[in-house]
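Asks: Going down the list, the protein sequences come from chains A and B. For the first sequence, UniProt numbering assigns the number 1 to the initial residue and increments by one for each residue that follows. For the second sequence, UniProt numbering assigns the number 1 to the initial residue and increments by one for each residue that follows.
Rather than coming from a laboratory, the hints here were simulated on the basis of the structure. From a predicted model like this one, the values you see are computed outputs, not experimental measurements. Incorrect hints may appear among the rest.
[Said to hold, decoys possible] Which bits of chain B does chain A cover? Going by a derived footprint, with three or more residues having C-beta under 8 Å, they are:
id, region
1, 6–13
2, 17–31
3, 93–104
4, 121–130
5, 157–168
[To be verified] Straight-line Cα separation of at most 30 Å, DSS-like style, residue types lysine-lysine; simulated pairs:
id, chain 1, residue 1, chain 2, residue 2
6, B, K8, A, K104
7, B, K122, A, K48
8, B, K163, A, K10
9, B, K122, A, K109
10, B, K193, A, K108
11, A, K109, B, K100
12, A, K294, B, K100
13, A, K108, B, K8
14, A, K293, B, K122
15, A, K10, B, K122
16, B, K167, A, K104
17, B, K167, A, K84
18, A, K203, B, K167
19, A, K109, B, K278
20, B, K278, A, K203
21, B, K122, A, K59
22, A, K104, B, K100
23, A, K109, B, K8
24, A, K108, B, K100
25, B, K163, B, K102
26, B, K282, A, K203
27, B, K193, B, K282
28, B, K278, A, K84
29, A, K108, B, K122
30, A, K10, B, K282
31, A, K84, B, K282
32, A, K10, B, K100
Positions of the beta carbon are idealized from the N, C-alpha and C atoms, including for glycine.
Listed below are the residues making up each chain.
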Amino acid sequence: MKAIAFHRMKVYWPLYVMAIPGIIFLIVFKYIPLAGAVIAFKDYSVFKGFMDSPWVGFKHFETLLNHPDFARVFGNTLMLGFLKLVLVFPVPVLLALMINEIRKSALKKGIQTALYIPHFLSWVIVAGIVFDFFSLSGLFNIVLGWFDHEPVLAMQDSDYFRPVYVISSIWRDAGWGTVVYMAAISAIDPQLYESAMIDGASKFRQMRHITFPLLLPTVLVLFLLEIGNFLDLGFDQVFNLITPMTYNVGDILDTYVFRTGIQQAQYSFATAVGLFQSVIGFVLVYIFNRVSKKVSDGGLW
Amino acid sequence: MFESRSEKVFVSGITVILILLSAIAVIPLLSVIATSLSSKSAVDMNLVTLWPKQFTFDSWGYIIDRPDLWRAFFLTLGSTVIGTALALLMTALLAYPLSKTKSEFAWGGVIMVAVVIAMIFKAPIVPYFLTVRGIGLYNNPLVLIIPHILNPFNLIIMRTFFKQFSKELEEAALLEGCGYFRMLFQLVLPLSKAVLATLALFYGVLLWNQFQHPLFFLQNPDWFPLQIKIRQFITDDSVIMAGSASTADLNYNTRTLRAATVIFAIVPIILVYPFLQKYFVKGAMIGSVKG
């Protein structure tokens, strides 16, 4: 037995050597921070580290739940998460269904190119474009002027923050979101369409009764993943779109953690916020996964 | 194929909607380009919509003359190129053993589970921050590269690709006395150009657009990468106007300069866009088939 193992190692040792840098990376950048989440239950001190800082139980979670800021920030996060799920998530599905109906390949490619471009711009740049668009002499106010409407400073007005968040999400990522759905549509058996055409089914009926139902499992899987990221609204996006005047509706868990944890160095408290966020995300996925298994056969696991 | 009138109306209706949506996707970009190429007075008088008015390159010239912006540009270019190369190496080095059978690489199963767990459970940001700071990456420009050189999702894509290789070729090479390192670098990787291109773009876009790591970890303005610099330009008038000679008689204002800054940052993306589109779509499809 030992001899065989020895012989194996003689040939296979390079595979083990190759794996070592990657393993070290995973331990340092994924697992130590994951284990470091215990400081949510400790009073972290820089000198004592993750291990030796004293335990304090649920102290930080109690502070958190009694903190007026936290209720507001959590409410903002839930609201934006809900809007994203209801208004942003369905857009790529509809776009993919429509793009699929275009038969002229040059036109189709042109449309896809235009719709994909914004995805490759960072949120810093997208925010730059958004601020320019809504500035006093920007396109938005020029068009409002054509209708004799008073200029609106949308980026400095908390009533506009949520619409700006939703629209900028759609503008940047909805086009790109179609890629997965287009892949799923291209996997549909063409014979289904042929027999539907022989039966005289219109294009719309084909879309409704073939493409859409066969796309649903993919939609469901992505929906579940989206639920898991429900509270994960994108730090870059919100941080770059927010202004002091929109803090009351735009401040979310991610920006709150940045402020309290990184800038004000309340390490344990901010970790508690982060852990709370992860646990809620996990619970939501778990519940919706159970539901989707009941309703259909689909599910993540 | 026979198409009735209502069919044609349906398809052309969809076509019109999609063309409108494509226009909406591009209009904000056109508006920024127009602003960046217009004069201060035209912009102040609300004349600029989608086409430059009182055309001038003054804003572009001003932005191009800013050495701090170029410094950030080359820092970002360098960290993107080096980071992408390192990331491909790191990813290949782990993906290759993971594509082997249990008898060849016994740790495979455990590592795969660890990778998937790392993908599902994201550590809270603060312990991550403390860990990365703890290994000396705080205020260290290497933080622009090292935390990004292995991505679990990309690792799984590359492993899936390696798994499709024919066993015979590798077995023959093994019998010839070719070791696994030579096999990876001289046989497997040269045959993996498609997946390498895709992942190079995944890593490259991530590195080029990164904002959160430099924001959290870098304090010294000398090491600010492009995105942080651009944010300063866009949000801080004193930074963007720092290089202007006098306040009178200028043919630009903060708005045209901000627009020119945005264009400065977009141009490199547009230049590589044909590759982005081709390989990104492929990569996203591989990813979606797996996930």
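Asks: Report the numbers of all earlier hints that the structure fails to satisfy, in ascending order.
Replies: Those not satisfied are hints 5, 9, 11, 12, 15, 16, 17, 18, 22, 24, 29 and 30.
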